[in-house]
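A.B. asks: If you want the building blocks of each chain, they are given just below.
Protein chains: 6
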Amino acid sequence: MEILYQIPGDVTAGPLGAPELERRRRILQGWAPDDVRVDVADAPGGPLSIESHAEEFLCVPPMIAALTARPRQPDAVIVGCFGDPGLGALREILDCPIVGPFEAALHMAAQLGARTGVVTILDSVIPVLDHLVRGMGLSLRYAGAMAIDVPVLELRNNLEEVASRASDLALEMVRAKEADVLVLGCMSLSFLGIAEKIARRTGLPVINPAWCALESARALAAQGLVQSRRTYPKPRKAIVMAEERP
Amino acid sequence: MEILYQIPGDVTAGPLGAPELERRRRILQGWAPDDVRVDVADAPGGPLSIESHAEEFLCVPPMIAALTARPRQPDAVIVGCFGDPGLGALREILDCPIVGPFEAALHMAAQLGARTGVVTILDSVIPVLDHLVRGMGLSLRYAGAMAIDVPVLELRNNLEEVASRASDLALEMVRAKEADVLVLGCMSLSFLGIAEKIARRTGLPVINPAWCALESARALAAQGLVQSRRTYPKPRKAIVMAEERP
Amino acid sequence: MEILYQIPGDVTAGPLGAPELERRRRILQGWAPDDVRVDVADAPGGPLSIESHAEEFLCVPPMIAALTARPRQPDAVIVGCFGDPGLGALREILDCPIVGPFEAALHMAAQLGARTGVVTILDSVIPVLDHLVRGMGLSLRYAGAMAIDVPVLELRNNLEEVASRASDLALEMVRAKEADVLVLGCMSLSFLGIAEKIARRTGLPVINPAWCALESARALAAQGLVQSRRTYPKPRKAIVMAEERP
Amino acid sequence: MEILYQIPGDVTAGPLGAPELERRRRILQGWAPDDVRVDVADAPGGPLSIESHAEEFLCVPPMIAALTARPRQPDAVIVGCFGDPGLGALREILDCPIVGPFEAALHMAAQLGARTGVVTILDSVIPVLDHLVRGMGLSLRYAGAMAIDVPVLELRNNLEEVASRASDLALEMVRAKEADVLVLGCMSLSFLGIAEKIARRTGLPVINPAWCALESARALAAQGLVQSRRTYPKPRKAIVMAEERP
Amino acid sequence: MEILYQIPGDVTAGPLGAPELERRRRILQGWAPDDVRVDVADAPGGPLSIESHAEEFLCVPPMIAALTARPRQPDAVIVGCFGDPGLGALREILDCPIVGPFEAALHMAAQLGARTGVVTILDSVIPVLDHLVRGMGLSLRYAGAMAIDVPVLELRNNLEEVASRASDLALEMVRAKEADVLVLGCMSLSFLGIAEKIARRTGLPVINPAWCALESARALAAQGLVQSRRTYPKPRKAIVMAEERP
Amino acid sequence: MEILYQIPGDVTAGPLGAPELERRRRILQGWAPDDVRVDVADAPGGPLSIESHAEEFLCVPPMIAALTARPRQPDAVIVGCFGDPGLGALREILDCPIVGPFEAALHMAAQLGARTGVVTILDSVIPVLDHLVRGMGLSLRYAGAMAIDVPVLELRNNLEEVASRASDLALEMVRAKEADVLVLGCMSLSFLGIAEKIARRTGLPVINPAWCALESARALAAQGLVQSRRTYPKPRKAIVMAEERP
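Protein chains in written order, with this note's numbering: chain A, 316 to 561; chain B, 316 to 561; chain C, 316 to 561; chain D, 316 to 561; chain E, 316 to 561; chain F, 316 to 561.
Don't take each hint at face value.
Copies of the same chain look alike in the list, so a pair counts if it works inside one copy or between any two.
Here are the simulated DMTMM-like pairs of lysine to aspartate or glutamate, each with C-alpha atoms no more than 20 Å apart in a straight line [what the hints assert, rightly or not]:
no.	residue 1	residue 2
1	Lys-512	Glu-469
2	Lys-552	Asp-325
3	Lys-492	Asp-438
4	Lys-512	Glu-487
Since the hints were derived computationally from the structure, they do not count as laboratory data.
These numbers were taken from a predicted model, which means no experiment stands behind them.
Using the sequences and the hints given, assemble the complete structure.
C.D. replies: Here you go:
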């Protein structure tokens with residue numbers, strides 16, 4: 316089974332470059348069972364990073380272009396961004412299941428506790444997540460999100476501090492918002508080995524959305540389940556990007 | 316006051332061409348009070364029409380490009396598509412209020428009746444609207460949507476039949492889903508003079524989303540109200556489209 | 316177009332007297348576009364002020380009497396009290412759209428941010444508003460209300476202090492209840508030029524419910540929209556007040 | 316213990332006259348346990364019957380006047396109208412518990428089944444009930460209402476037909492709306508011995524709101540429970556009706 | 316009328332022994348009106364106390380065994396545990412109304428104020444109550460629960476301290492969670508005369524769930540109301556416990 | 316990794332006997348990836364089948380007894396009954412993740428479509444599922460359930476008819492309740508190879524809850540995730556069953 320972790324931004328053109336794709340692939344492959352081959356791709360021409368609602372929209376067409384250009388579709392696709400950009404669009408266009416890490420994490424968290432809290436990086440993401448939760452109809456099970464406010468590119472140099480701040484926020488959400496399960500709220504946090512640290516300090520289950528999405532993608536593909544064509548009908552007419560017009 | 320009706324698709328490149336922009340502008344201007352000047356623009360490079368969730372995503376970057384390329388911002392922007400594509404992105408980027416016709420229509424309908432029903436053109440839009448309603452937190456006030464299933468380009472040649480089918484669906488929604496206010500569920504329906512016909516046949520208030528959005532845009536701009544920067548923070552870094560990269 | 320701002324209390328008989336009607340009329344007229352003529356009326360025999368749920372009920376019959384006694388109906392009516400008293404009753408009886416300032420403000424606020432907070436004058440109003448919000452089905456978008464606790468008649472002598480306290484409460488609601496849009500929670504606050512001050516201090520959009528109601532009334536009347544007769548059926552039999560009985 | 320069944324309309328001045336008060340009193344007293352004395356009063360100057368939202372507002376001041384004019388307060392008050400008019404106002408003003416038949420019936424029904432359906436007399440009441448249910452926050456437990464459409468004054472002459480139509484509607488609500496408990500949706504239906512007939516025909520529990528309200532009033536008074544002064548604060552200033560003004 | 320207060324645990328085998336049954340019976344009988352005879356029974360073989368979700372499940376079969384072994388059914392049964400264990404099961408099996416103290420208390424509280432707060436003994440109960448409230452569809456009317464953290468067996472020796480801590484928590488829930496009605500969150504608290512103390516200190520109505528359940532049971536039985544067989548169908552086949560198998 | 320499919324009833328003592336355990340084990344093992352070993356156990360002394368809410372409670376203590384008697388805990392436990400009996404109790408007592416097939420199926424279905432419909436065997440299960448959905452806070456995503464009404468023991472002899480009836484009900488739920496994803500609503504249906512047939516006839520994704528639960532259990536165990544101890548605290552005192560008391 317091949318699972319594609321599709322990053323909607325243009326990592327190759329950014330400061331981390333192509334090696335970051337390989338780094339993430341190796342980590343994901345390490346989590347995967349033997350019958351799964353993980354591929355990681357980014358979206359040429361997409362934003363260098365995705366830190367706003369605007370960029371969540373700007374990344375979708377390059378991601379669609381990258382996906383439809385592949386010679387053959389994988390068995391499942393993970394949208395490699397915590398805001399689940401373009402989920403509905405991909406579900407319409409592609410024939411394999413599409414997993415959004417935020418959506419998958421919230422549904423898994425709901426099987427571990429009553430109310431889920433998210434620890435994220437930037438304040439600006441919080442209202443986006445709130446909107447997603449309402450759209451999912453899961454507001455009664457959501458405790459909200461708090462941000463550690465460390466720039467993405469500085470995360471790796473401050474692992475201990477990041478874990479410590481994240482744990483403090485988590486405990487604050489437990490106290491003030493009755494959170495009892497945690498989700499890491501950014502894909503960058505997913506590849507730092509930080510979930511375990513926070514779990515240990517807080518005593519709460521901590522979901523790593525990249526790993527969770529991988530498991531969800533595998534679960535759907537293994538069962539042969541694909542999104543409903545009533546909710547996500549195949550577009551009647553071909554999607555033609557401007558640059559392809561004759 | 317200048318209100319821009321920004322069509323997210325590329326009407327100019329489509330079958331109706333530039334005259335359609337002018338036709339819509341004249342109708343909108345006819346609805347506007349004297350202190351409002353309406354401008355209509357489309358999005359070069361956007362989809363020729365927007366009939367799927369996928370196209371709702373594909374149209375956003377061209378729409379952002381068109382809007383940010385304008386020499387000066389209008390006093391309010393209406394997103395000229397009933398699915399409200401890119402609302403959150405535009406609210407982050409621009410400094411004037413952004414009106415989504417579906418959102419505006421649902422909030423206005425809620426002041427006229429208990430439960431709103433939508434008459435739309437294609438079945439494929441229905442789950443998109445459902446998702447939007449949940450995201451707005453208005454599910455208790457929403458009766459659902461039904462589609463007349465007439466291709467967009469054939470609408471104009473069948474006005475009587477369209478009005479008749481739409482009225483029948485509306486009455487079916489009254490009976491089975493307890494709808495008591497109607498909203499036309501496609502911007503194409505908004506410029507055909509059809510709302511009055513349906514209102515007469517059903518005895519229900521019928522909201523034309525283009526007109527409603529115009530009034531909402533005017534209302535926000537007149538009061539000097541702009542979206543909250545806590546919900547829609549200005550992007551920290553400049554939005555750079557791939558084609559602009561050095 | 317004539318819009319009537321109908322105060323449900325008996326201002327003329329109260330300490331401020333008839334000049335207050337004219338003062339409010341001038342302010343409202345100043346906000347209105349050229350095609351709108353604003354009229355302001357009060358309700359003879361109504362409560363001198365409306366500060367409790369009880370008075371919200373006591374004011375309705377005098378308000379209905381005042382409205383039905385008018386030689387001709389206006390194009391839209393604003394109920395000039397933030398608790399929206401008698402909204403459903405007026406919508407049944409009259410043939411023009413009826414606007415409740417609280418209802419209109421909440422629906423407009425929902426287009427500016429995710430969760431609305433209300434700054435009001437007296438604690439006693441807070442549960443009334445809560446009940447209204449549940450009735451509107453908008454609880455997921457409501458952050459709650461807080462009261463500055465300054466007697467209504469002392470408001471005008473303490474504008475700076477009122478603005479300052481209101482801003483502090485607003486920021487407290489941002490912090491503790493995740494409010495991101497504000498609504499002034501009393502019509503008395505609407506005619507003091509205070510919304511702008513609070514907006515400046517808090518950085519949030521602040522809705523003045525009188526102005527918002529005026530715009531909403533204008534928007535409905537301009538579109539020829541009237542409440543649904545399924546939700547608000549015309550009373551089958553004439554409404555006969557006791558004093559009119561033969 | 317004295318429980319007052321306060322009719323908000325002016326039954327004495329209507330076609331049924333004062334004997335109807337005594338008839339209802341006898342029925343209520345027949346349901347009451349030995350320690351309860353039931354009194355029935357109407358509201359002089361109130362509407363002759365209450366069949367619209369408008370009349371639900373018009374009846375409140377006469378009802379308040381009637382209640383505050385009593386030499387001493389009863390141990391509990393039942394508002395004798397299914398739309399629960401003025402509940403919040405009475406709870407502010409009076410010092411004893413106030414029971415609304417609709418509210419009481421819905422909360423009791425929720426302990427007998429999952430979703431409650433209401434069989435009422437006139438279509439016009441249905442949206443009023445819907446609004447009440449949203450205000451109570453009980454929408455997930457409400458299956459809706461249907462009307463038999465028999466004029467109130469003709470009810471008594473058609474008991475068999477009324478029971479038969481009501482049972483048919485009830486079964487329709489079971490089928491189409493998943494109702495599994497019923498509530499009679501009008502106080503006129505409460506004094507006709509009809510609940511048992513419908514229960515027998517439908518096999519469902521049928522709540523008579525007058526009896527249910529009596530039991531709820533007794534239960535609250537027996538426990539010494541009175542409404543919260545945080546939700547229903549005593550009005551700060553005396554409620555002065557216009558006719559009492561010097 | 317006979318009302319059975321069925322304790323799901325095995326009090327007789329525990330430290331308090333059979334006299335505790337008689338003590339509770341006397342208190343309940345003291346609250347009951349003259350036409351009610353209260354019986355109290357426990358469940359031989361049930362847990363000695365019920366302090367976890369696990370014990371709420373373990374107690375149900377012994378409770379069913381105890382109830383079905385009675386020579387004749389009472390007119391109503393109260394499940395004598397605040398977590399309402401086995402409510403749905405008993406409603407299926409028995410032919411008389413079954414009252415859950417938590418469910419009954421929340422529905423009664425909703426008629427006294429807007430949001431109910433629960434003061435309980437142990438933290439571990441809080442998520443169980445949360446889950447029950449969601450299941451009841453009453454989340455919009457629930458302010459949450461807080462625990463005084465005093466072991467059950469030490470309650471009686473510390474009445475003043477218990478009342479004082481409970482009052483402090485109640486006021487904290489008023490401040491932080493907008494509670495305005497209280498419910499004692501454990502049946503052990505119900506037989507200590509503590510509700511009145513807390514009501515006096517907090518100025519809020521305080522519902523004693525044992526008394527409230529008694530009144531609710533009496534109200535249902537007096538009206539001849541029994542649970543809906545659509546929601547709680549009689550089991551098609553006989554319930555055969557393992558120990559009864561041949 | 317060892318995953319235990321724990322049937323809460325006493326299959327061995329029933330008509331199908333021990334071979335049914337082995338039959339199910341083989342099917343489950345066939346779905347599992349190589350790194351998973353599936354074990355199937357039943358609950359000696361539990362009900363022979365679980366067809367009512369009552370039996371869902373009666374099965375929990377034998378299931379707990381069976382689970383705690385195992386020499387060592389598996390890596391995850393699936394409760395092998397669609398009503399998810401005892402989920403909260405097992406989550407408190409055991410140290411590995413516990414998966415409820417209904418809960419897991421609904422959360423997976425929510426990633427495939429907007430509203431989930433359940434096709435089940437007996438009408439009596441429908442209100443139990445409704446209650447579970449409210450408890451999960453997922454009502455906005457649930458379209459309801461319908462029953463084919465074929466006795467469990469006759470299922471295997473009528474596979475074609477069962478698939479045909481189930482498909483008809485599914486399409487009825489699509490039409491009348493806007494279902495767009497299906498879940499088989501009984502574990503007996505899960506081991507008949509019927510999901511694929513229904514998927515083919517309806518064109519909808521059909522979730523087999525046994526397979527889905529297996530994948531969910533594997534996903535949780537692989538990530539080392541265990542239920543939150545805030546939601547499901549370990550019982551403070553040992554759980555002592557009556558028969559173990561000295």
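A.B. asks: Could you run down the list of hints and mark each one as holding or not?
C.D. replies: Taking the hints in turn, this is what the structure says about them:
1. Lys-512 <-> Glu-469: Answer is within: at 18 Å inside a copy they meet the 20 Å cutoff, but 39 Å across does not.
2. Lys-552 <-> Asp-325: between (28 Å within a copy, 16 Å between copies)
3. Lys-492 <-> Asp-438: Result: close both inside a copy and across copies, 17 Å intra and 15 Å inter.
4. Lys-512 <-> Glu-487: within (17 Å within a copy, 33 Å between copies)
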